[in-house]
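There are 8 protein chains.
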Amino acid sequence: MNDEELNELLEELRRGACGSDEAVGRLRRMLYADLGYARVDHDRLARQGFAEAVYGPGKTPEQCAAIVDELLKNGSGPVLLPRAGPEQVRAALERSPGGEVTPPLGEPAALRTVVWRATPARTRRVLVVTAGTADLPVAAECRATLRAYGFEPALLADCGVAGLHRLLAGLDELAKADAVVVVAGMEGALASVVGGLTGAPVVAVPTSVGYGASLEGVTALLAMHASCAAGVTVVGIDNGFGAASAVVRMLA
Amino acid sequence: MNDEELNELLEELRRGACGSDEAVGRLRRMLYADLGYARVDHDRLARQGFAEAVYGPGKTPEQCAAIVDELLKNGSGPVLLPRAGPEQVRAALERSPGGEVTPPLGEPAALRTVVWRATPARTRRVLVVTAGTADLPVAAECRATLRAYGFEPALLADCGVAGLHRLLAGLDELAKADAVVVVAGMEGALASVVGGLTGAPVVAVPTSVGYGASLEGVTALLAMHASCAAGVTVVGIDNGFGAASAVVRMLA
Amino acid sequence: MNDEELNELLEELRRGACGSDEAVGRLRRMLYADLGYARVDHDRLARQGFAEAVYGPGKTPEQCAAIVDELLKNGSGPVLLPRAGPEQVRAALERSPGGEVTPPLGEPAALRTVVWRATPARTRRVLVVTAGTADLPVAAECRATLRAYGFEPALLADCGVAGLHRLLAGLDELAKADAVVVVAGMEGALASVVGGLTGAPVVAVPTSVGYGASLEGVTALLAMHASCAAGVTVVGIDNGFGAASAVVRMLA
Amino acid sequence: MNDEELNELLEELRRGACGSDEAVGRLRRMLYADLGYARVDHDRLARQGFAEAVYGPGKTPEQCAAIVDELLKNGSGPVLLPRAGPEQVRAALERSPGGEVTPPLGEPAALRTVVWRATPARTRRVLVVTAGTADLPVAAECRATLRAYGFEPALLADCGVAGLHRLLAGLDELAKADAVVVVAGMEGALASVVGGLTGAPVVAVPTSVGYGASLEGVTALLAMHASCAAGVTVVGIDNGFGAASAVVRMLA
Amino acid sequence: MNDEELNELLEELRRGACGSDEAVGRLRRMLYADLGYARVDHDRLARQGFAEAVYGPGKTPEQCAAIVDELLKNGSGPVLLPRAGPEQVRAALERSPGGEVTPPLGEPAALRTVVWRATPARTRRVLVVTAGTADLPVAAECRATLRAYGFEPALLADCGVAGLHRLLAGLDELAKADAVVVVAGMEGALASVVGGLTGAPVVAVPTSVGYGASLEGVTALLAMHASCAAGVTVVGIDNGFGAASAVVRMLA
Amino acid sequence: MNDEELNELLEELRRGACGSDEAVGRLRRMLYADLGYARVDHDRLARQGFAEAVYGPGKTPEQCAAIVDELLKNGSGPVLLPRAGPEQVRAALERSPGGEVTPPLGEPAALRTVVWRATPARTRRVLVVTAGTADLPVAAECRATLRAYGFEPALLADCGVAGLHRLLAGLDELAKADAVVVVAGMEGALASVVGGLTGAPVVAVPTSVGYGASLEGVTALLAMHASCAAGVTVVGIDNGFGAASAVVRMLA
Amino acid sequence: MNDEELNELLEELRRGACGSDEAVGRLRRMLYADLGYARVDHDRLARQGFAEAVYGPGKTPEQCAAIVDELLKNGSGPVLLPRAGPEQVRAALERSPGGEVTPPLGEPAALRTVVWRATPARTRRVLVVTAGTADLPVAAECRATLRAYGFEPALLADCGVAGLHRLLAGLDELAKADAVVVVAGMEGALASVVGGLTGAPVVAVPTSVGYGASLEGVTALLAMHASCAAGVTVVGIDNGFGAASAVVRMLA
Amino acid sequence: MNDEELNELLEELRRGACGSDEAVGRLRRMLYADLGYARVDHDRLARQGFAEAVYGPGKTPEQCAAIVDELLKNGSGPVLLPRAGPEQVRAALERSPGGEVTPPLGEPAALRTVVWRATPARTRRVLVVTAGTADLPVAAECRATLRAYGFEPALLADCGVAGLHRLLAGLDELAKADAVVVVAGMEGALASVVGGLTGAPVVAVPTSVGYGASLEGVTALLAMHASCAAGVTVVGIDNGFGAASAVVRMLA
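These protein sequence lines map, in sequence, to chains A, B, C, D, E, F, G and H.
So in the working numbering, spot 11 of the first sequence is number 11, and the numbers just go up one at a time.
So in the working numbering, spot 15 of the second sequence is number 15, and the numbers just go up one at a time.
So in the working numbering, spot 96 of the third sequence is number 96, and the numbers just go up one at a time.
So in the working numbering, spot 115 of the fourth sequence is number 115, and the numbers just go up one at a time.
So in the working numbering, spot 208 of the fifth sequence is number 208, and the numbers just go up one at a time.
So in the working numbering, spot 143 of the sixth sequence is number 143, and the numbers just go up one at a time.
So in the working numbering, spot 191 of the seventh sequence is number 191, and the numbers just go up one at a time.
So in the working numbering, spot 241 of the eighth sequence is number 241, and the numbers just go up one at a time.
Don't take every hint at face value.
[As the list claims (entries may be wrong)] Here are the in silico distance ranges between beta carbons for each label pair:
| hint | chain 1 | residue 1 | chain 2 | residue 2 | range |
| --- | --- | --- | --- | --- | --- |
| 1 | H | Ala-169 | B | Glu-11 | 22 to 30 Å |
| 2 | C | Leu-6 | E | Ala-109 | 36 to 44 Å |
| 3 | C | Gly-85 | G | Pro-108 | 25 to 33 Å |
| 4 | E | Arg-122 | F | Glu-152 | 53 to 61 Å |
| 5 | C | Ala-110 | A | Pro-86 | 16 to 24 Å |
| 6 | F | Glu-152 | H | Ala-23 | 27 to 35 Å |
Quick caveat, the hints were computed from the structure, so don't treat them as lab data.
Ideal placement from N, C-alpha and C gives every residue a C-beta, glycine not left out.
Only chain A is shown next, with the shape it has when bound in the complex (with noise of 0.2 Å):
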């Protein structure tokens, strides 16, 4: 609910075009809009700065094209859907067209981002660091949710801490970010190496890539926290969107 469509909604309301009921109603539908099985915070982003995004798991494919469809007509700003399977993004593709998709549709993967209406955009610099080849699906959920609002984030492949002067040729990108995200399976040794170069927020995204005794994830979330580094901060595991909005959060 911003200032903007509340005034205009007082103004009609004032000059009688329209009536208290309908007014009661569109001041409703401001903050959430009640489907049933979801309520749609219309209010998010202008108490947040940035909207819903529609969450795909367990939620139906019919669930999924209907929140996406609100949060367009009644909505303003970006809109994602993010970890979607086929069926999920097929349905709100249909019902409503344009969204860009992640990866691409032609390209293998189980779960994509779906993004409408993308924010123009912006100058801030991001770079998202990966340890691993196996990283990158992690990696392109988090980039498609910061490019939805604005940002074109930098990418450093396959960085980790075993070859570190794999790391060390991205000193310049590093140095010239305004933020970081770091996306670590494994031990999830990136976080504290890339911690300790750069002044600027660190934000690692553990990943469940790993073997060994990675325990899906859990060791790298740990790690991450037990880091030497000063200042790092951990979003859940495999949580590339989270740590996207965190940066959002950060720079916008």
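Chains B, C, D, E, F, G and H: place on chain A using the hints.
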């Protein structure tokens, strides 16, 4: 190793004011000082924007005092000694008077934060919110660290979600904050609620406060990572210092 | 074994309408029926106020159908078959037609609850609140169980604490409820918030919904136990049936 | 903030007996009192049916005493100080005499519950059952809390399932109870057995009592959640206060 | 390597009926047969009272068949193939016909136990008690193993503690048993209750059956170890074979 | 409640030597004595073959002394007080002299086992094997319990598998044993090795002895349950009393 | 980047055979090749003695094939593709024929190791011992890796400690080994026993083989770390490749 | 039992210098000495290359002193008493003077390592690297053990990855080392970084140093096992003695 120091040294070398042996020694010392039991990282301030902190646990009082002394004499910027026991505080202050102690020495506390050479005041606003009274020691460590870097953090204490109106009474302060630190034990729900009320960066600190099934803070840590509020980041259990460092990365 | 049945049997025995061998058999059956693979507890309704439920997992379709049949033929009160797979539903309905299926057979669902011989309607009000859309299947199991015992539970869906106003819009319904069931995955914070807003009994159901560090519901379960809201009780992960049973104990 | 207090204030305001500045202050105080380190929730009694309890751990004796004083002076209803250490008990009683201490000060105990201004007696029957003698301190906290709210809970001590006849001897008391609290450490099996013997609400409290593999109460907590008795609810480890609060929600 | 076999070999050697090379080979084979991928332990029967079992998981069908064949041809006593998948059962029976399959091949089951050359009947009484219907597959593995060693175990199915009278109806059988195996998932409370009712050895088998917080059987395992009934011993999760082997050690 | 006692009572009642009120009291006491804080289970010896033990932790010295006294005065068979602290031992011996203390009062020990009225000697052989010297206190509790029931257990101390020949030197004693208790911390491997060397029942006791990753005995407990030796059973961590009780069930 | 390559490049540069732009490109490539999704670490062989392995999981078949190709064309030394699925094996062999596949393509296996350009034979002896038949796939990965680096590892399969004589029969091979790899699931006791029998380096590989309480290999991993045999080191669960790499570090 | 001792005994026996009873006693003692509470493994040096160490925890001072004495009088090679408390050190030195104590008795320390009869110096180079100052006590135990076996380990202290240049300054020492021990708590990332910089054997020791989510060293242990650097092996938490023993196996 900042540029100014480096230029000065090279200039002295150029005009013969210092010999090459002395230059090598001074150059090395700009990077780190090897005390045998510690390699004091003098370059960290330049590299990262904040100096190495002298974490207390596991060091003898003499080691604490010597590292603080080294950082004060051969480095610049704020010097911090977090989580120091009484003997560590005493030894460090004896060798390096003038440190500010939090909580002050008269008040009861197991561990304290000592700060020397704090940064001049900055204008960005930081808000620290705690869920309960028992979370205040962690908030104190966080605030002392923030003050070392020039911030003057506001405090909203005891705003746990079981009495939401206590937090809602602070909505104005929340709206003005450039960054928010949420300090909460138990189930850590405050982080999600605050995350849903502001678009500023939110750093959540799980604390070891609680009972029932709080598992020394592990429950709050996990819960904060599973938060339904997008873009909330998390630091380690009771890590008020780490949360403050994250804010310094964002706002300094 | 209720008093009426028992008196009738003794009366028949007294006037010779049944022999002592038959009486022993009937007496035993009032307690339980031994089907070899199951001892169907016919006494539970009298002892506990609600009959044994035929929990689906680990039973063959034939076993499910036979136990339901036994409970219908030789017992009284509602008969429930929760978490039944498609073959179990089919087998049970074929042998015992008339069961009400939730979700209805036309809708997609992995597991369903079937109810036969529901209790007539009661007047106490139960409110089921879910944190997200993905928690609805657990809420559906809970509500089907409540309906079996005569309650007509209201539903507030998708009231997660990241958008508090969605819950606050339901304060009236909360105020009228004689008992509240909170169904929430992720960090489970909704239980604490609801617990702080009502003095009615609150039963929290952690769900396996979530990501990041939700650990298949363990995080929500622990968080709900560490809740800062006094007197919130908790049932097992995804146990909508158990939460409903707890409410039946309180209000029936 | 109850209606009576509010009406009185508005009436005073109307007839000029209080100015608007005073009115705002009194209104705010009806909601909560901000002591700096604590926001004492005066509205909780009206909102929830029971006042905020002053949980001892993590608070200084002075803080405990001041919060108790605030609740007594500016609030109504019972005031509780659970899990208070000897210095906290002494400080609170010195400032606010007349609190009833459990266990009484003469008996050995690490932590005590203090109650001021208990509710007049109620008639609903509550039964507290313990599995062993070592569970009695948790039962004592539970019973003291129940007495604060006017209940006079009966006690069946040491009824562990390894000697079932000890519990069966109490079947009459079980049958009369309107609610049952089961306090059990070790494997917590007593909760399932009691749950199968009564249709009344059963609140299970896992305790940290035990050895072998009891893991400080985690085993009992998990076991109680996996209970085969339908509708048993669980509170946190050693949380006698929480179990009593749950019963207050159900019966008060 | 039992004495009889050994004497026979030495006698043949003495009278020239076998050469020394052949003797060495036969001697070694009495200890174990090296198949390359397996060292079949022919000495185990003599050393331990029961032969090596051919645990199915992780072996190819061909490996299963060959090891069974080796044990039948060059060993004595019962031969068991527990937890065999359909291809393993088929391969083993094809090469070594006459094995008895549990459950029989007509019935649905994921894994089966096959027994060849069962021991003649023994007279000691073993009772297997299960908490629920879903625990029966584990009980079946246990009973098949017991029958392989000549026991004819009785079965009390579905005696979970939520309906104690079902177990109490079996007190006579409990009183007659020389050893009792308790098979229980969920919270595993049945082990404690049975342990309190008999002085015979009680072997508890936690199963992976359950929900809520049963954690794939870990909860039952821990709970059984924290049992308040003295002298109950425990085997691994779902390990019906192990429980039977323990009984064989006690009674054979 | 054994038959002899019961017959005597009924006979007295018949001939008028005792009134019915007295008879009811004596009957009830044959089952259990209610001391308020404990229900002393006098029937356990008859029901289970061994009397209730007075586990020390969590009981006051007075409670220990009174329960021991009650068991001695109104029960029969051995009376045990395991894991008793110095004040508990003193209080119990003062009220009930003649208990045998293990380790003897002169030797240093945190916890002791006291035994009154031990059973006369039995002939079955029990062997207790420990992996290391530090496991001896648990072995001592186990052996004191066995002696209470008439066994004279042999001891093989410090036979850890890193020096197999130390165990192999005891093969003769192993061969003669009717039951073996293996007491081992660290990785607990001794249980598997002993289990492979004997066909007698093997009860494994994991101990909290160890370092590296022994997790206070949890590692040994899990390892013993994953043992490759068939039919080894396990009791809880440090539960020497439980292992002895299991042997009593098997051999008494 | 080895010295020879570097000298050759500098020489070409000096005599004008290559321009400076080409030189920079070639220099950079000696360090690593940036394929966009992977930074292939060409320097690792020089730095570490063994080249980067192309771990299969999480990479597309095309990525696997391209990285293998890059390592073969622009690097030297053995190239390994461990844990490759069928499509990854096929794609890599199509682009880079001649790789040796373990297990051979005809045999059933979920994952395979492919090796190109193996090192010539070395003389140090490595022995791989497995506890059971089901541990053989991990042993196969280990041995294939060892062969890639020129070792010809011997194998002792199925020597679990429940039948010690099977291991003792291999004492001669144990005595000759310069390093031993112990591959064991279940309780992992074999590592301790082998560690006690040899002074050679022992690398223990816990496997995910087992049941009862083996927790997917976590139990064996913990047990091996709590081993009573001094100086046994451990690698991650199922990490045959890692164990081989450790041996290469020791003996190459 | 080494060959020389054995030959001497047989020779004495042959020429009548010792009787057969004495010979049996001496033979047995060459294998182990049975002190009742300990079986001192005199054969371990011959079998394994290093003698049994007298691990302090869980042994009385008298037991420590007697075992050290036994190893010195009837064995050969270095004798170690790691993790000894002050009374154990005192008792052992009183009975067996001349042991070298680490840290020396004047310095503050909870636990110390005592070494008697150290091996003459060896030439292979071992490097011990620690991540922080607080890891030094574990490094001290490791280095004392290495010195007992003749190595003179170099030390690089406080090289945590948050300040990589501190480690890179030690690249020369890293390059010369024949084996590297990495001692690191927190997230343990140093092991991966060192593993990527050298081809020598790397033994990682996780320590219990840390906070945030270091879980007493479990996080570092898991992280080191999930390391992205191939061939790094791991020993138990804080097990400096174990790491040194592993190096002795590799280099001695």
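Quick check: which numbered hints come out false for this structure?
4
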